[in-house]
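Enquirer: So the chains spell out like this:
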Amino acid sequence: AQKVTQAQTEISVVEKEDVTLDCVYETRDTTYYLFWYKQPPSGELVFLIRRNSFDEQNEISGRYSWNFQKSTSSFNFTITASQVVDSAVYFCALKDSGAGSYQLTFGKGTKLSVIP
Amino acid sequence: GAGVSQTPSNKVTEKGKYVELRCDPISGHTALYWYRQSLGQGPEFLIYFQGTGAADDSGLPNDRFFAVRPEGSVSTLKIQRTERGDSAVYLCASSFIGSGELFFGEGSRLTVL
Numbered sequence: 001a002q003k004v005t006q007a008q009t010e011i012s013v014v015e016k017e018d019v020t021l022d023c024v025y026e027t028r029d030t031t032y033y034l035f036w037y038k039q040p041p042s043g044e045l046v047f048l049i050r051r052n053s054f055d056e057q058n059e060i061s062g063r064y065s066w067n068f069q070k071s072t073s074s075f076n077f078t079i080t081a082s083q084v085v086d087s088a089v090y091f092c093a094l095k096d097s098g099a100g101s102y103q104l105t106f107g108k109g110t111k112l113s114v115i116p
Numbered sequence: 001g002a003g004v005s006q007t008p009s010n011k012v013t014e015k016g017k018y019v020e021l022r023c024d025p026i027s028g029h030t031a032l033y034w035y036r037q038s039l040g041q042g043p044e045f046l047i048y049f050q051g052t053g054a055a056d057d058s059g060l061p062n063d064r065f066f067a068v069r070p071e072g073s074v075s076t077l078k079i080q081r082t083e084r085g086d087s088a089v090y091l092c093a094s095s096f097i098g099s100g101e102l103f104f105g106e107g108s109r110l111t112v113l
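From first to last, the protein sequence lines are chains A and B.
The first sequence begins at 1 in the numbering used here and counts up by one.
The second sequence begins at 1 in the numbering used here and counts up by one.
Extracted from the complex, chain A is given alone in its bound form (with noise of 0.2 angstroms):
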């Protein structure tokens, strides 16, 4: 079975300080991808970033940075400098990448709350 832990229930940082919010995923399957995505107050959830088991490099875009780290099952995200715009409730998510899988596996979410 697939899950998916966010350990950081919530978390709240001052305006232009680094945060980073942790992933850990657990699941039997060789290949499979990997997300997060940004929940807003208006409740849409927002797709940030997808990445393949296969490709360990860690990506960069603008302030976000994620971690990949395959050997400890863990997919984290650096939000650097945060604003007040980075307020949301974030999740990682895990999806088998077989044929004929469809569901994504959603942890729990990290609230961010960022103070100005």
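The hints are all genuine.
So the derived label-pair ranges between C-beta atoms look like this:
1) B/62 - A/67: 37 to 47 angstroms
2) B/64 - A/16: 45 to 55 angstroms
3) B/30 - A/40: 21 to 31 angstroms
4) B/28 - A/26: 32 to 42 angstroms
5) B/3 - A/64: 16 to 26 angstroms
6) A/63 - B/74: 29 to 39 angstroms
Once the Cα atoms are required to be at most 27 angstroms apart in a straight line, the calculated DSSO-like pairs of lysine-lysine come out as:
7) A/108 - B/11
8) A/111 - A/70
9) A/70 - A/3
10) A/108 - B/78
11) A/38 - A/108
12) B/11 - A/111
13) A/38 - B/11
14) B/17 - B/78
15) A/3 - A/108
16) A/108 - A/70
Hint data in this document are derived by calculation from the structure and do not stem from the laboratory.
For every residue, glycine included, the Cβ atom is placed at its ideal position computed from N, Cα and C.
Dock chain B against the given chain A, drawing on the hints supplied.
Expert: Okay, now just chain B, sitting in the frame of chain A:
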């Protein structure tokens, strides 16, 4: 708009009643998903449509839940004999087939009294 549209945004009903929730996906997206999100939890998969057919309905909790997508576009999630435990936000998402990038709507918040 160009995004996934869900109606109603809020629905309050009484236990035992029948409810329909509608999802209008992004034009051209043949894949459509329903998820359910309870307070403080991540979304949980309910059902996946590829075109008009349900390719995976393994997440539907019981036979009170049913979903259709008769013309391969708009989908309706139907809940019979609603129970208080059905209260949640029901999220719809669409995508191109094979894409992991799902586009979500803002959800329909269902409250069963």
